[in-house]
Each structure stands twice: as structure tokens, then as C-alpha cells.
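Engineer: Sequence:
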Amino acid sequence: MFFSAILLTCWAVGETAVPAVIGLAVDEAIGPSDVGRLRLWLIVLGAAFLAQSYGFRNGTRLSWFAMNRQEHRLRGEIVRTTLDPARRTTGRLPGETTSLASSDADAATGVLRQASMGAASVLGLVLCAGYLLWADLWVGVAVLVATPLSMVVLRLLTPHLSRTSHRQQEGIAAAGASAADVMQGVEVLRGIGGEYRAGRWYTRHSQDAARAGIASAGASGRLEGAQVLVSGVVLLVAAGLGAWRVVEGDMTVGTLVGVLGVTTFFAGPLGTVVAFSEGYTRSAASARRIAGYLGAAATTETAETPGKVSADAACATLSLTLEDGTVVDCRAGRFTALVSADTAVHRRILDTVAGEAGTLLLDGVDARSLDPRVLPGVLRISRTHPTCSPARSSVTSPGWKVAHFLRHCCVPAASMNSSTSSPTAPGTRSTAPGRTSPVGNSSASSWHGPWPVPHAPASSSTRPPPWTR
1 MFFSAILLTC WAVGETAVPA VIGLAVDEAI GPSDVGRLRL WLIVLGAAFL
51 AQSYGFRNGT RLSWFAMNRQ EHRLRGEIVR TTLDPARRTT GRLPGETTSL
101 ASSDADAATG VLRQASMGAA SVLGLVLCAG YLLWADLWVG VAVLVATPLS
151 MVVLRLLTPH LSRTSHRQQE GIAAAGASAA DVMQGVEVLR GIGGEYRAGR
201 WYTRHSQDAA RAGIASAGAS GRLEGAQVLV SGVVLLVAAG LGAWRVVEGD
251 MTVGTLVGVL GVTTFFAGPL GTVVAFSEGY TRSAASARRI AGYLGAAATT
301 ETAETPGKVS ADAACATLSL TLEDGTVVDC RAGRFTALVS ADTAVHRRIL
351 DTVAGEAGTL LLDGVDARSL DPRVLPGVLR ISRTHPTCSP ARSSVTSPGW
401 KVAHFLRHCC VPAASMNSST SSPTAPGTRS TAPGRTSPVG NSSASSWHGP
451 WPVPHAPASS STRPPPWTR
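Counting with the UniProt record's numbering, you get residues 1 to 469 for the letters of the sequence shown.
FYI, nobody ran anything at the bench for these hints, they're computed from the structure. Worth double-checking, as some hints may not be accurate.
Okay, the calculated beta carbon distance ranges per label pair [unchecked claim]:
#1 Leu50 <-> Leu133: 24 to 34 angstroms
#2 Ile30 <-> Leu50: 48 to 58 angstroms
#3 Leu50 <-> Val152: 29 to 39 angstroms
Backbone N, C-alpha and C define an ideal beta-carbon position, used for all residues, glycine too.
Start from the sequences, fold in the hints, and give me the full structure.
Structural biologist: Dropping the structure here:
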């Protein structure tokens with residue numbers, strides 16, 4: 001960013017020097033018809049154009065590079081926060097998190113380019129004011145008085161733009177979240193007949209985002225219009241005073257040409273400074289949203305636990321003690337699958353996992369006595385989606401309960417790609433990946449890969465819940 005600001009400063013100097021050099025060439029070369037001086041001023045003018053072109057091209061390139069690099073880092077931090085199992089959940093929908101990592105990250109890092117351009121523009125304003133004061137005191141004083149007043153007027157519109165920009169980003173995030181989640185659960189919605197309500201839900205969020213976008217565009221348009229108006233007023237004041245001074249004989253024609261050119265360029269740095277204020281408000285609104293997400297998902301590493309749990313979850317052993325005294329050990333580094341068609345076994349397992357009966361031990365420590373904020377760091381949840389035959393399973397069928405348990409059971413970390421351990425509880429059967437295991441009375445399921453996919457038992461009298469299709 002430092003080198004970018006330096007190069008853009010060269011651009012600002014070149015922009016200011018071009019009209020000033022043209023004015024000097026008119027007075028010292030064109031007026032006296034001096035060809036030698038004209039050649040000299042043309043060389044100086046070419047150098048000013050070279051500094052202007054080179055500084056803007058390379059300074060802008062460096063500023064874009066810095067902005068994109070920081071945007072990538074910010075998106076990576078959001079993704080790491082989202083995927084970190086030790087983080088606490090923030091309750092945000094997946095679509096809203098996607099919006100944070102896309103539009104908000106882009107808007108938050110835009111302030112970097114605005115900062116480098118703003119620094120160069122401030123220098124451009126100083127150079128313009130200095131030249132105007134050197135060319136004519138009255139014109140310079142008029143510009144220096146009009147500029148702060150115009151900045152105050154433009155600043156009054158900035159808070160409203162900040163509020164509308166924040167609402168716009170929230171509306172976009174809500175619309176994106178609703179669209180992503182509707183598409184993710186479209187099969188569920190079809191199964192329960194919720195397409196109409198889901199459509200109304202998305203339409204409401206989309207209309208809110210559209211209204212917020214229109215309000216933000218209106219505020220931005222009013223700010224840009226005020227910027228053009230203020231710049232025009234400043235130019236009009238400088239041109240009027242300069243023409244009056246020329247008529248009075250206190251200023252030459254070449255100086256008037258330079259004053260008008262510098263005053264015209266003066267609108268550029270002024271607009272950039274105002275745009276920096278606008279861009280900063282947008283970036284601040286997005287940065288606050290991202291900071292709120294990262295802060296809400298902060299880890300709690302110093303929580304006290306009444307027992308000693310291994311720091312490495314891969315070294316932890318999970319132990320289930322059912323209500324009837326049956327002990328099921330899930331050894332570290334192995335994936336354990338419990339398959340049973342006995343409803344009573346399912347009930348005992350689910351009650352134990354829920355903490356209603358029996359015990360769930362992690363390295364000999366009762367899981368109910370651990371701090372809930374620490375558990376995500378030492379346990380991982382297997383969110384394996386069951387594949388249930390549409391003609392067989394149901395909410396009340398034993399097979400669906402097995403799938404429901406396997407979808408929510410706790411599995412020690414780093415055991416995803418390990419071999420299979422198969423403890424057997426009363427009425428249960430175990431299987432290894434890639435083998436065929438009968439579940440119930442007449443069904444069979446082939447499991448492939450490290451994550452087993454259970455199937456429900458055959459039954460002609462039951463139908464599946466719509467969300468399992």
C-alpha cells in the first residue's frame with residue numbers, strides 16, 4: 001500500500017502540473033513566439049504526462065493487488081471459522097455465511113484502494129490550492145474557503161448512506177441465505193407440500209433486499225449529485241474570479257488558462273475524497289458484519305472441566321453404558337456402527353446419547369459434566385445422510401431410527417478413514433464398509449467407503465418421511 005500511495009502521488013502531481021505547464025507555455029513561449037522556449041515547455045509537459053500515466057497505471061495495479069490479497073485472507077478466515085469444530089455455532093444460515101464470504105468481504109477490503117487513492121487526492125488538493133494561491137491570491141482564497149464548506153455539505157449525507165448500505169448488505173445476505181437453504185431442502189419442501197410457503201418466504205426476503213438496494217442507490221445518487229454540484233460551484237467561482245482579474249489586468253491569459261485547468265482537475269481529487277468517505281462507510285458496514293460473525297464464533301479454550309480429557313480427540317475413547325448395563329466401547333481410531341432392528345435397543349441408545357439414561361464417557365469423563373463449549377473441540381458429529389428406500393422406511397420404523405442415531409452420534413475425530421470396530425449390543429449387528437449386512441428381516445444394504453449408509457428394513461405397511469427421499 002505504501003508504494004501504491006507513492007505512485008498515485010506521482011499521478012496527482014502530474015495531473016496538477018499539466019494545466020500549470022500549459023499556462024506557463026502560453027505566457028512564456030506562445031505569447032512571445034519563442035520556439036526554443038516552446039520546445040522546452042513541451043519536454044516538461046511530456047515529463048508531466050509520463051509521471052501521470054506511469055504513476056496511475058502501476059499505483060492502481062498495486063492497490064488492486066493489495067485489495068484482492070486481503071480479500072482472499074478475509075474469506076479464508078471466514079471459512080476457517082465456519083469449519084472449525086471448536087467454534088461455537090452462530091445460528092446463521094449457510095446462505096448468509098456465503099454472503100459474508102463474498103459480497104461483504106469484497107466491500108470490506110475496498111477501503112484499501114480507496115485509502116491509497118484518497119492519500120494521493122489529498123496531495124492533489126494541496127498542490128492545486130498552492131498553485132491557485134501562487135497564481136492569484138483572491139482566487140486561491142475563494143477556492144480554499146469554498147472547498148471546506150463543500151466538504152461539510154457532503155459529509156451531512158454520509159451517515160444516511162452508511163445506514164442504507166448496512167441495510168442493503170443485510171438484505172442481500174438474507175435473500176442469499178433463503179435462496180440457498182430453499183434449494184438445499186427442496187426435496188423436503190416437496191415432500192411436505194411447503195413449496196408455496198417457501199416461495200413466499202424467499203419473495204419477502206428478496207423484496208426487502210430490493211427495497212434496501214433502491215434506498216442505497218438513491219442515497220449514493222444523491223451524494224454523487226451533490227458532489228457534481230459542489231465541484232461545479234467551486235469551478236464557477238474560480239473561473240469568474242479569474243476572468244475578472246484578467247479584465248482588470250492583474251492576471252495574464254496563460255495564468256487564467258492554468259487556473260481554469262487546475263480548478264477543473266480540482267474537482268477530481270475532491271470527488272475522490274468524497275468517494276473515500278462513501279467507500280469507507282460501505283466497508284465499515286461490511287466489516288462490522290464480518291467482525292460480528294467472527295466474534296460470535298470465538299473459541300473458548302480456557303473453560304474448566306471437572307475431568308481430564310485428552311487434548312487430541314483421536315486419542316479419546318468413547319464409551320456408551322446403556323440403561324440395562326450393557327457397555328459399548330468405541331475405541332480411538334476406529335469407526336463403530338451399530339445396526340439393529342430391535343426398537344428397544346434403539347430407544348436405549350438414543351436415551352443414553354441424549355443424557356436421559358445410562359452414561360456417555362469420553363476418556364472416562366462423563367460427557368454431561370463437560371463444558372458444552374469444550375465438547376466441539378474433542379468430539380465431532382458424523383452428519384452422514386442415510387439412504388432410505390422410498391417404499392420401506394418410516395419415522396416409526398426401526399431402520400429409520402438407526403439412521404437417525406447414526407446421523408447424530410458422536411464419533412472421535414480422525415477416525416473417518418480408519419478401519420471399522422464392531423461392538424455388539426444385545427439385539428444389534430455390526431458390519432464393515434463394503435460388505436452386505438442384513439438389517440431387520442428381509443433387507444440388505446451394501447456399504448461403500450468409510451461412512452456406512454444404513455437402509456431401512458423391508459415393510460409394505462410403512463411409508464418414508466418426505467425428507468428422507
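Engineer: State the violated hints by number, sorted upward, taking the hints as numbered earlier in the document.
Structural biologist: 2
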